[in-house]
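Asks: Sequence:
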Amino acid sequence: MPKIGAHDTQMVVSVTGATGFIGRRLVQKLLADKHKVRVLTRSITKARFVFPVENFPEIIIAEEEEWKKCIEGSNAVVNLAGMPISTRWSPEIKKEIMQSRINVTSKVVDLINHTNAEVRPSVLVSATAIGYYGTSETQVFDETSPSGNDYLSEVCREWETKAHNVDNGVRLVLIRIGVVLGKDGGALAKMIPLFMMFAGGPLGTGNQWFSWIHLDDLVNLICQSLTNPSYKGVINGTAPNPVRLSEMCDQLGQVIGRPSWLPVPDFAIKAVLGEGASIVLEGQRVLPAKAKELGFSYKYPYVKDALKAIVREL
1 MPKIGAHDTQ MVVSVTGATG FIGRRLVQKL LADKHKVRVL TRSITKARFV FPVENFPEII
61 IAEEEEWKKC IEGSNAVVNL AGMPISTRWS PEIKKEIMQS RINVTSKVVD LINHTNAEVR
121 PSVLVSATAI GYYGTSETQV FDETSPSGND YLSEVCREWE TKAHNVDNGV RLVLIRIGVV
181 LGKDGGALAK MIPLFMMFAG GPLGTGNQWF SWIHLDDLVN LICQSLTNPS YKGVINGTAP
241 NPVRLSEMCD QLGQVIGRPS WLPVPDFAIK AVLGEGASIV LEGQRVLPAK AKELGFSYKY
301 PYVKDALKAI VREL
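Using UniProt numbering, read the sequence shown as starting at 1 and increasing by one per residue.
Hints are computed from structural coordinates only; laboratory data are not their basis.
Hints are all accurate, no fakes.
Below, a list of computed lysine to aspartate or glutamate pairs in the DMTMM-like style, where the Cα atoms sit at most 25 Å apart:
{"no.": "1", "residue 1": "Lys299", "residue 2": "Asp250"}
{"no.": "2", "residue 1": "Lys299", "residue 2": "Asp142"}
{"no.": "3", "residue 1": "Lys162", "residue 2": "Glu118"}
{"no.": "4", "residue 1": "Lys46", "residue 2": "Glu66"}
{"no.": "5", "residue 1": "Lys107", "residue 2": "Glu118"}
{"no.": "6", "residue 1": "Lys69", "residue 2": "Asp110"}
{"no.": "7", "residue 1": "Lys29", "residue 2": "Glu313"}
{"no.": "8", "residue 1": "Lys232", "residue 2": "Glu143"}
{"no.": "9", "residue 1": "Lys270", "residue 2": "Asp150"}
Between the sequences and the hints, there should be enough to build the whole structure, so can you do that?
Replies: Written out as structure tokens, the structure is:
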């Protein structure tokens, strides 16, 4: 498999987690940029529903026993698989959140490592999350910061460790993803109804940091990571201007035309998210030092512009 560089016109990209919120937009972007996409799925029914053959005739959809063949013919692999964390956490769900990430990452890495060097993908872009750093109202985190000591930190450490097992001839990019803002899912889809119900004030105290990124910027960051050999190691997938949650809610209130004086109570958020509310209620301030250093260009560096663009699409 020829090595890919910034000037190559077409790649073959295998994607896990392609039916998710980020994956769907990534697949559309890769196709628009004339790349070939192979969807590695554990549910062919779901994948065919998200990517119906009449609209996506060029996509190959592969169940687990066909992943090996797909990876062998790919220039690159993007690993986005994992059960959403913005859900109620029972002990079973917590186990599933961990296992869904670790199992798929281990499998993908194993398949890449067992592929002959001449047909092996040259890059693996694997998702992880800013949960790696733990939560804090006062600290500022970048890619060099140590890991936290809560459940999500542990999930992220395990997840990244599995990705690090990839053969050292394969360029590895680990994108620690923040709160992704887009119209079709993620935190915003859950926040807007709460907001409408409680007249749109801050969630919890409002002092906690909200490290966000617009879905289009995240997808562009992944695409840059595929084609630009300078992108390697850990890169924070966050916008350059994190905000306190009170400001985020204030901006959202302005954009959707709701007053933002009545705070959304903690109990309402916990009712929707259960223990998964900790990411919103505790927060962390994460800066994308590496993306900045690489000269990555954000379409939406400020939350107000990101929210305006999303609400226009609703």
